[in-house]
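> Top to bottom, those sequences are chains Y and H. To convert a position in the first sequence, counted from 1, into our numbering, add 60. To convert a position in the second sequence, counted from 1, into our numbering, add 60.
Worth flagging that the hints you see were computed from the coordinates, not collected in a lab. Check each hint, because a few of them may be wrong.
One copy or two, it doesn't matter: identical chains are merged, so the pair holds either way.
Unchecked claim - For lysine-lysine, the following BS3-like pairs were computed, each having C-alpha atoms within a straight-line distance of at most 30 Å:
1. K178 x K75
2. K159 x K86
3. K97 x K79
4. K81 x K182
Protein chains: 2
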Amino acid sequence: MTITLIILGDSNMVKLDEKMKEDFSKIKIFPFATASKDGVPNVVPIGFCKLMDDETIWVADNYFDKTLSNLQENPKASIFVWNTETSGCYQIKGDVEIKSSGEDYNRMYNMVKEMGDKYPAKHLVEMKITNVYECKSGPEAGKKLL
Amino acid sequence: MTITLIILGDSNMVKLDEKMKEDFSKIKIFPFATASKDGVPNVVPIGFCKLMDDETIWVADNYFDKTLSNLQENPKASIFVWNTETSGCYQIKGDVEIKSSGEDYNRMYNMVKEMGDKYPAKHLVEMKITNVYECKSGPEAGKKLL
């Protein structure tokens, strides 16, 4: 008997479509939600929230407090993509990795320092998108899109 | 020996100050964050989010999906108060009660129906404010204000 074990790396990741990416590009400040391990929700506005490829978001930690401690104990985050200029409204959930050294961290550090030398760019929060949900007001709200 | 037990009702509630209330009144759409019991964060934009008194926020559930199931199993929520017109940026956390009948529910129902007959106004989510945190970008971000 032969048992074949297939390990699918990153199998739970999803890719944003073109319409979602266009809407994403229209947002300047995103609401970034996290939760402590025991479920206390936290939401803060963030300016540095970049879509690096179809399935990866980079968030810069300049002044994170509860957000950082939440992510350290519970590496999950959620944002929504909406303002008065977007055509749709999407909620994104993802799994997070915190980086404070290495090539990706250095790249984020340089991007943040170009925005302003005062920003400390303490950590790179790399979010891999796992789910996208409809977020427009109406009976379809909450429906899983990706 | 006499032991005096003092039970302070609602002792963990806090009241917004005048500046916070003024900022609150300038927001049309709030980011409303919840989490499942096991800590999966969720954030959605909400239009009906009213400050009813210094320590009480009413949110109308028209089309809640994960938000409702999260609050049913973990009655905690977080919002922030910020847009380009506010003088400050505050994060509010609170404990939530879900009401689907009674005087408060009926009042919310009528308020929602005045906004548009199409809205189902399924539940009133009453949030009692427990904490307020500084949310403006900078070294003070995350500091407990109330």
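> Evaluate each hint against the coordinates.
Here is how each hint holds up against the structure:
1. K178 x K75: neither (34 Å within a copy, 34 Å between copies)
2. K159 x K86: For K159 and K86, only the intra-copy Cα distance (26 Å) is at most 30 Å; the inter-copy one is 37 Å.
3. K97 x K79: neither (33 Å within a copy, 32 Å between copies)
4. K81 x K182: within (27 Å within a copy, 33 Å between copies)
Hints 1 and 3 from the earlier list are contradicted by this structure; the remaining hints agree with it.
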